[in-house]
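Participant: Single-letter residue listing:
There are 2 protein chains.
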Amino acid sequence: MTELNRRWVLASRPVGMVRESDFALEEVEVPKPGDGQILVRTHWLAFEPAMRGWIDDKPNYIPPVPLGEVMRGMGVGEVVESRLDGYEPGDLVQGMTGWQEWVIGDAGMRKLPAGTDPRLALSVLGITGMTAYFGLLEIGRLQDGDTVLVSGAAGATGSVVGQIAKARGCPVVGIAGGPEKCRWLTDKAGFDAAIDYKSEDVEARIGELCPNGVDVFFDNVGGEILDAGLAHIARGARIVVCGAISAYNLEDRPSGPRNYYRIVAQRGRMEGFVVIDFLPRAPEAVADLLQWVAEGRIRWEADVQQGFENAPATLLRLYSGANFGKQLLEI
Amino acid sequence: MTELNRRWVLASRPVGMVRESDFALEEVEVPKPGDGQILVRTHWLAFEPAMRGWIDDKPNYIPPVPLGEVMRGMGVGEVVESRLDGYEPGDLVQGMTGWQEWVIGDAGMRKLPAGTDPRLALSVLGITGMTAYFGLLEIGRLQDGDTVLVSGAAGATGSVVGQIAKARGCPVVGIAGGPEKCRWLTDKAGFDAAIDYKSEDVEARIGELCPNGVDVFFDNVGGEILDAGLAHIARGARIVVCGAISAYNLEDRPSGPRNYYRIVAQRGRMEGFVVIDFLPRAPEAVADLLQWVAEGRIRWEADVQQGFENAPATLLRLYSGANFGKQLLEI
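Chains as they are written, first to last, in this note's numbering: chain A, 1 to 331; chain B, 1 to 331.
Warning: the hint list may mix true and false statements.
Here are the simulated lysine to aspartate or glutamate pairs, DMTMM-like style, with alpha carbons at most 20 Å apart [unchecked claim]: (1) K32(B) / E88(B); (2) K111(A) / D35(A); (3) K58(B) / D35(A); (4) K188(A) / E26(A); (5) K32(B) / D144(B); (6) K58(B) / D22(B); (7) K58(A) / D106(B); (8) K32(B) / E69(B); (9) K111(A) / D91(A); (10) K58(A) / E88(B); (11) K166(B) / D288(B); (12) K58(B) / D91(A).
The following residues of chain A were derived to be distant from chain B, with all beta-carbon distances above 12 Å [stated by the list, open to error]: (13) G177; (14) V241; (15) V264.
In short, the hints are calculated from the structure, not lab data.
Ideal placement from N, C-alpha and C gives every residue a C-beta, glycine not left out.
Let the hints inform the model, and build the full structure from the sequences given.
Facilitator: Now the structure itself:
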């Protein structure tokens, strides 16, 4: 019996908004693990806004996914065959599985403790949580009493950013789209206030809600939202540039933040980062995040879609804002 | 005999490009110094690009000059009458004289050592030199071997920035307008290369001259020049946002830097500052700068205009790029 490995490869480089047709479904033979390798059956895939950048052929922090190659992505799977010490069939592992049902892994695949919820592993305890943790604490240098503003606040990263800041006792305002997300932020995630960018004047509301200015602005969105936050930075503000989801699918680079110059009078700092640099320090983040989750200080949501054939459609949910919580696919 | 004090007051808030008619010349009585005060005859005035911001009624790092009040500005003058211990008639002093021929000062006026060249005191050893020194070393955190890019490089601040970097042994590229300024940068100021933004493709030239990217970008200009530099930042780059002379006289805020997002993949940092914060540390800067001037490592130019009645016209020279070196007026 020859089982087949279904995989999604990059079929074309999108121009503007990524489409499902930019990916093609292939069937190939299931590979065989060599010495020091494992064969993994993928059960879960995680989706990141940054994926849009990975499929552009532009300078970035990692090389673009080559045309015709399996789409890059994080996943959780089960070891089916092992020729690697310390890994047994049945072990749950997490790593760069790519969008494929079967994958050959090595020691770069991290074993998950038995009983781990793969949804938690792929969100709060995964890249998403690391991004929030190191972005806020290392790049944003959160201090006691800082007023924190988060855009994309109901997103997987933004919601953790705001809740870490709350766990540290700081006032936090979130910006999100729609009443449902805003209600979740204030009622479940403990944000002090939420601004609905779909129905409110974001810049005016930031001014009302942060009368002494914003000390740390964690921006996932870019564009007008970034400008609105820059208009209200406090002296010595740190603007953590984590993402610009508003721009990822635009054909032309949009104009930059008109208000960038506020960093001069306010002695502000805009800083970018790539979470990969902090992965060697993941254990300290995981320890804190696990504790906050256990204490109920970090609430999280996962938007779980079903079926391997829906991988491209699931990615697109991120850019329409359809997802609520970490975007996952159960295969 | 009642001598009159001529002074330039702010007559109107400019919309777009500042005009001479935004200032009005008044004559009032020469004031009398009270206890703890000195009467100073102003001999020199210094002009800064930032002055355009001081006469706008917008949030800034200092309050706007009120309408009808003497225009704010640095100057050097001579003590004519003293009721302040330690100051004698004939002493040379430097401070915020404003645009007026006579001014009442106090201990905030700094006594200059006998024989000081007022042009040097108002440029390399003044606000200009402090801005270059602390901007490059503290905000830019210059490291050995950094490739440094300076815009407005033939300006008073930019030329000192580049020469400090050269004194520290770093490769330095300057951006300036016109062949004369560019020649001065490479032939006199020791820059490794100069890019003439009036005749060259700035972004392409930066790429050629800085094949490993720019580690510190000291930007005085903003606009397209800032974008061109951002396109070539190296990993871990520091972008020192000192000024945006290209935008100061625009009626509408221009769009921001399209390439700001490069700071994410490159882990870059854009940081603004106001030199006032560093003035308590002026002595350390003055000591280094004086030594570099004495050693011929810092060359400097002053563009000296004549006659108090020409103060507004002299300011305008900064925004047309007519000046070459520190813009001064000898009264």
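Participant: If a hint holds in the structure, say so; if it doesn't, say that too.
Facilitator: Now the hints, each set against the structure:
Distance check on the hinted pair: K32(B) and E88(B) sit about 16 Å apart at the alpha-carbon level, within 20 Å; holds. Between the alpha carbons of K111(A) and D35(A) the distance comes to roughly 18 Å, so the proposed pair stays at or under 20 Å and holds. Taken as a hint, the K58(B) and D35(A) pair is broken in the structure, with Cα atoms around 68 Å apart against an allowance of 20 Å. Distance restraint check for K188(A) and E26(A): the Cα-Cα separation of roughly 42 Å exceeds the 20 Å cut-off, and the hinted pair is therefore not satisfied.
Our distance criterion of 20 Å between C-alpha atoms is broken by K32(B) and D144(B), whose separation comes to about 53 Å. As the CA atoms of K58(B) and D22(B) are separated by approximately 17 Å, the hinted pair is consistent with the 20 Å bound. Annotation: proposed proximity of K58(A) to D106(B) is violated, straight-line Cα distance about 59 Å (limit 20 Å). Taken as a hint, the K32(B) and E69(B) pair is honoured in the structure, with Cα atoms around 18 Å apart against an allowance of 20 Å.
Simply put, K111(A) and D91(A) have alpha-carbon atoms about 7 Å apart, close enough for the 20 Å limit, and the pair holds. Annotation: proposed proximity of K58(A) to E88(B) is violated, straight-line Cα distance about 66 Å (limit 20 Å). Under the criterion of a C-alpha separation no larger than 20 Å, the hint pairing K166(B) with D288(B) is consistent with the structure, at around 14 Å. As the CA atoms of K58(B) and D91(A) are separated by approximately 62 Å, the hinted pair breaks the 20 Å bound.
Non-interface call for G177(A) relative to chain B: holds, since the shortest CB-CB distance, roughly 21 Å, exceeds 12 Å. Its closest Cβ contact with chain B, about 6 Å, brings V241(A) to no more than 12 Å, contrary to its assignment away from the interface. Annotated as non-interface, V264(A) brings its C-beta within 12 Å of a C-beta of chain B; the closest such distance is 4 Å.
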